[in-house]
Amino acid sequence: MLRAVRSLTLVPMFVLIWILSCSAQDLASFEKRVEVKTLPNGLTAVVCERPDSAPVFSFFTNVDVGSAQDPMGKTGLAHMFEHMAFKGTDEIGTKDYAAEKVALQKVEDAYAAYIRERDKPVGRDEAKLKQLQADWQNAIKDAQQYVIPNQFGEIIERNGGEGMNAFTAEDQTAYFYSFPVNRLQLWAYLESQRYSHPVFREFYKERNVVIEERRMRTDSNPIGRLVEQFIETAFSAHPYHRPTIGYISDLNSFSATDAQHFFDTYYIPSNMVVAVVGDVDPAKTMDIIEKYFSGIPSRPKPDERTTTEPPQDSERRVVLYEQSQPIYLEGYHRPSYRDKDDAVYDALADLLSEGRTSRLYRTLVRDKKIASEAEGGTGFPGVKYPHIFYFFAAPMPGHTPEEVGDAIHAEIDKLKKEDISDDELKMVKTRAKANLIRSLDSNEGLAQNLAEYQTLYGDWRELFRSVDRIDAVSKADIRRVANEVFVPTNRTVAIIEHVPATSGGAQ
Amino acid sequence: MSRTSTKIALALTLFFASALTLLAQQPWTKIPIPPLPAFHPQEPKRIQLPNGMVIFLQEDHELPTIDGFARIQGGARSEPAAKVGLMSLYGEVWRTGGTKTQTGDQLDDYLEIRAAKVETDANDDSTIISLSCLKEDFPDVFKVFNQLLREPEFRADKLDLAKREAFDGISRRNDEVRDIAQREAARLAYGSTNPYARIPEYATIAAVTRQDLIDWHHAYVYPNNIILGLVGDFDSAQMEATVRAAFGNWERGAPARSPEVHFEPAKPGYYLIKKPDVDQSNIRMVALGTKRDNPDFYAIQVFNEVFSGGFSSRLVQSIRTAQGLAYAVNGAIGTAFDHPGILQLAMGTKSGTTVQSIQALYEQIDQLKTKPITDAEIARAKDSILNAFVFNFDTPDKVLRERMAYEFYGYPADFLERYRAGIEKVTTADVARIIPKYLHKDQLAVLVVGNTADFDKPLSSLGQVTDVDISIPPPPQEMGAAAGSAGQ
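Chains as they are written, first to last, in our numbering: chain A, 1 to 507; chain B, 1 to 488.
The set of hints was computed from the structure by calculation and includes no laboratory data. Just so we're clear, the structure is a prediction, and the values are computed from it rather than from any experiment. We treat Cβ as the ideally placed atom computed from N, Cα and C, and that holds for glycine. Fair warning: there could be bad hints in the mix.
To be verified - Partial chain B-side listing against chain A, Cβ under 10 angstroms, derived:
id, residue
1, ASN174
2, ALA197
3, ILE199
4, PRO436
To be verified - Computed footprint of chain B on chain A, listed as stretches where at least three residues anywhere in the stretch have a Cβ under 8 angstroms from a Cβ of chain B:
id, segment
5, 300-314
6, 330-342
Claimed, not checked - Calculated cross-link-like contacts (lysine-lysine; reagent style DSSO-like; alpha-carbon spacing at most 27 angstroms):
id, chain 1, residue 1, chain 2, residue 2
7, A, LYS141, A, LYS74
8, B, LYS117, A, LYS369
9, B, LYS143, A, LYS368
10, A, LYS95, A, LYS74
11, A, LYS95, B, LYS30
12, B, LYS437, B, LYS291
13, B, LYS457, B, LYS267
14, A, LYS32, A, LYS74
15, A, LYS205, B, LYS267
16, B, LYS100, A, LYS369
17, B, LYS143, A, LYS426
18, A, LYS141, A, LYS95
19, A, LYS291, A, LYS368
20, B, LYS135, A, LYS32
21, B, LYS143, B, LYS437
22, B, LYS274, B, LYS100
23, B, LYS143, A, LYS284
24, A, LYS426, B, LYS291
25, A, LYS291, B, LYS274
26, A, LYS141, A, LYS106
27, B, LYS143, B, LYS117
28, A, LYS369, B, LYS437
29, A, LYS130, B, LYS457
30, A, LYS141, B, LYS371
31, B, LYS117, B, LYS291
32, A, LYS475, B, LYS457
33, B, LYS83, A, LYS95
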């Protein structure tokens, strides 16, 4: 749900100063154990040794492409490629790649013919369409005879892979798992082949799997429906307005050829950071990475210009009439993560939401008793481009979304008119320090942090340094940013109003 | 929401046997896999105080933090049927209600300024109090932990707040289809009044009093019922002195008793919950599972891995990859430490393939007979479990938690090592033997939550259907105000 949204910003971008003791959490200590290298093809590798680690390692491949790069009419393609990245290569998952390649091209040709007829605005020949669909399905059956299904995943699982997964977001696509350390070289082979020799087999069956994923996350889930409506309303021009999972018509339309184009355009080495953390020797590991990953062909950077979201200048509002209980969500546009005030937003999110001392818990939940939960957060739905600072609350039985909206606005007014207290500011800064330390305690978490910071800032050290920026946040900064950003004309509200099932749902 | 993950929850390909013949051409098989370096995870130090309290100390000096938690015998399975929800209220108000000397709000301020946590919670069989702090704050935080453990106040205003939140939770419990399916599947597998499956209602929450929380604490929270574990940047000898000083003079109390629990699984057949606002059906096939001290446990674990433990498992290969019927599909004979787990097959599929999917799951059960599990599948499953075995104890924290769980349930301290040995011994014949013992197609209760108007065929085409009523019983008259307009 919304909590997951704060991914990047919640990962504390916070203070280091007091952490000058000798232990493992300071930058100086990390400098000695981290090796970074950009290969000739443009791919950057970050390797970190953890001296006390068990004989295991975790990796995190972060690709600097997400659903914000989905082409118009082909939403969901970035995520679709993520699924295809588990389908194998020209060596893995095939009984005879030469023959399979020919068969897969026939599938694409048949699909293109089918889609051409299907999508004719006028003059569609239904009998011909039926025949073309049958031809396409037969081509799929023919290609299937060469497939060893799920062999890529099976190799990983059989070798003790742990936590194998991937995700796609507006800004990024990421792949990760952990392995026993004696499989380091096997990992380098598997992970590099995935990007140097991917094969888009079983594409159209996997598309159905993704459609079921959409039904699960969005269509059959009231909060999922609310969030989709919210971003569509809050963004009118920037690609952030489209759902990562994709629209159903696009999911029923795009092809493996489209996925190949997307892959060729964006999965270029200069868009990739690979981080490895664990019981590894940085220099030897770097040699292995260089040996295997150098084979990913380099291509020119794509044109990634996007429309800049214009100023909102009007309050926007969507109401969903649902059989589920009421929910209140509102959001305000804010600049991208490169803005000088980025740390101020992080401080605001912490102040509003973190723990039982947070402002929204204390007023809406504890004192007014009008909400069962309430929080504010940033980094939604991404961070690379100007995005949203949101407020979310679940009204208590007998209380309305309007009531919790009013209470949130009263809290915002207070932020604008009065300085926060010394203790509050201290809590925000202390939590930041503690959160940084806690984020260093697992191979998986550390690999993700190093890869994401290296991608966003071009330097993993920012994980530690951005902490200084939080420590520099003042009470005046909080007031100033609240006054600049939390204004009604910059606001989008999305509400679930409850209607009993018997009335048929909508009004 | 923004992170759409390929939840690859769950590996042998149907073609694996033929793939074996291709080994010579498979480049990855030529990559050397040296032996894994010897690894002996550091065991925590176990101390038992004369008053019966068991303490585990696990040093971990990588980061300047200390974490700990105490697990206390007795939990929600022992709460009275008329007060279901008592323990979830207890788990919250224990912390929010504060101590004799400080209110919960004061504790919030005291802890948050140190970026520290002391939290409480309640499970089916135990209650938990935990702490988490920077090393330098440990004395301050441990003091709070100790006071909360020994002298909680359960202030009435926080019980009132917790009840309101519980009412809100009840009012929202039918909002998300997967929540409904999970809850109702457990009620079918265990019986709707079974302590592991029953759910709170407005009336049972309203019936809970502050005295109930106090009485529970006085009945259960004694050193002889407690296992405490601490992990982090400390010296064990010093820490031992600290905990002995804190708990050494605490007097024993009555030992906690486990309640008699009856399991009354629903009759086999079809159960339907109509949910018009979804386009995906949630399917659950359930029966009673078994316990982990069952000698069949190891063969069951290998079976579970073959059946749905990864990409190349039978369910994922057939239901997801080959047929594209589901994003999430799984099936396993569930186990638990001290009571039967739930045997369950689960998936979500579009409304229009609901009956087709039930038949596809049945076919997978049938195929366990018609296409028996092969040696290659068993080898794949055992490799997956054994090669990933190191991840059961790759951090000091995990070692501590495993060890505490075995202590709590009276399992041997070396259970994890026995597990490894047990898995290694499992044969194809062992797995073939346990399948007909536990998994019976005709004894499953099959639950469907979905939009019946769009089903491919009526569920009744498969057999007799029982409608399950999930409407929420309204609040008792006298508490209408507190529960608001909930329950509509």
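Hint-by-hint comparison with the structure:
Restraint check, ASN174/B versus chain A: the minimum CB separation of about 8 angstroms is within 10 angstroms; hint holds. A least Cβ separation of about 23 angstroms between ALA197/B and chain A goes past the 10 angstroms threshold, and the interface hint is therefore violated. With 10 angstroms as the threshold, the beta carbon of ILE199/B stays out of range of chain A, its nearest partner Cβ sitting at about 17 angstroms, so the hint is violated. The interface hint given for PRO436/B is broken, as the beta carbon of that residue sits about 27 angstroms from the closest beta carbon of chain A, more than 10 angstroms.
Coverage of a stretch by a chain is defined here by at least three residues with a beta carbon nearer than 8 angstroms to that chain's beta carbons; for the segment 300-314 of chain A and chain B the count is 0, and the condition is violated. Check on the segment 330-342 of chain A: 0 of its residues sit with their Cβ under 8 angstroms from a Cβ of chain B, so the three-residue criterion for coverage is violated. This hinted pair checks out: LYS141/A and LYS74/A have alpha carbons roughly 25 angstroms apart, not beyond 27 angstroms. Only pairs whose Cα atoms come within 27 angstroms are accepted, and LYS117/B paired with LYS369/A is accepted, the gap being roughly 23 angstroms.
Of the pairs offered as hints, the one joining LYS143/B and LYS368/A is violated, with about 31 angstroms between alpha carbons and a cut-off of 27 angstroms exceeded. Taking the CA atoms of LYS95/A and LYS74/A, the gap is near 31 angstroms; set against the 27 angstroms cutoff, the hint is violated. Annotation: proposed proximity of LYS95/A to LYS30/B holds, straight-line Cα distance about 18 angstroms (limit 27 angstroms). Restraint check for LYS437/B and LYS291/B: satisfied, since their Cα atoms lie roughly 14 angstroms apart, inside the 27 angstroms limit.
Straight-line distance between C-alpha atoms of LYS457/B and LYS267/B comes to about 23 angstroms, which keeps the hinted pair within the 27 angstroms bound. Distance check on the hinted pair: LYS32/A and LYS74/A sit about 45 angstroms apart at the alpha-carbon level, beyond 27 angstroms; violated. A hinted pair counts as satisfied when its Cα atoms are at most 27 angstroms apart, and LYS205/A with LYS267/B does not qualify at roughly 36 angstroms. The straight-line distance between the Cα atoms of LYS100/B and LYS369/A is roughly 25 angstroms, inside the 27 angstroms bound, and the hint therefore holds.
Taking the CA atoms of LYS143/B and LYS426/A, the gap is near 22 angstroms; set against the 27 angstroms cutoff, the hint holds. With a CA separation close to 15 angstroms, the supplied pair LYS141/A and LYS95/A stays within the 27 angstroms bound. For the given pair, LYS291/A sits about 62 angstroms from LYS368/A by alpha-carbon distance, which is inconsistent with the 27 angstroms threshold. For the proposed pair LYS135/B and LYS32/A, the alpha carbon gap of about 24 angstroms is at most 27 angstroms, so the pair holds.
Proximity of LYS143/B to LYS437/B is assessed by CA-CA distance (about 52 angstroms); at most 27 angstroms being required, the pair is judged violated. The hinted pair formed by LYS274/B and LYS100/B fails the criterion: a straight-line CA distance of about 49 angstroms is larger than 27 angstroms. Between LYS143/B and LYS284/A, the direct Cα distance comes to roughly 47 angstroms. Violation of the 27 angstroms bound is thereby established for this hinted pair. Taken as a hint, the LYS426/A and LYS291/B pair is broken in the structure, with Cα atoms around 49 angstroms apart against an allowance of 27 angstroms.
At roughly 57 angstroms between alpha-carbon atoms, LYS291/A and LYS274/B are farther apart than 27 angstroms, so this suggested pair is violated. A distance of roughly 11 angstroms separates the Cα atoms of LYS141/A and LYS106/A; the hinted pair therefore holds under the 27 angstroms criterion. For the given pair, LYS143/B sits about 12 angstroms from LYS117/B by alpha-carbon distance, which is consistent with the 27 angstroms threshold. Of the pairs offered as hints, the one joining LYS369/A and LYS437/B is violated, with about 52 angstroms between alpha carbons and a cut-off of 27 angstroms exceeded.
The hinted pair formed by LYS130/A and LYS457/B meets the criterion: a straight-line CA distance of about 24 angstroms does not exceed 27 angstroms. Straight-line distance between C-alpha atoms of LYS141/A and LYS371/B comes to about 22 angstroms, which keeps the hinted pair within the 27 angstroms bound. Straight-line distance between C-alpha atoms of LYS117/B and LYS291/B comes to about 34 angstroms, which puts the hinted pair past the 27 angstroms bound. For the suggested pair LYS475/A and LYS457/B, the alpha carbons sit about 63 angstroms apart, so the restraint of at most 27 angstroms is broken.
A hinted pair counts as satisfied when its Cα atoms are at most 27 angstroms apart, and LYS83/B with LYS95/A does not qualify at roughly 61 angstroms.
Checked against the numbered hints given earlier, the structure breaks hints 2, 3, 4, 5, 6, 9, 10, 14, 15, 19, 21, 22, 23, 24, 25, 28, 31, 32 and 33 and satisfies all the rest.
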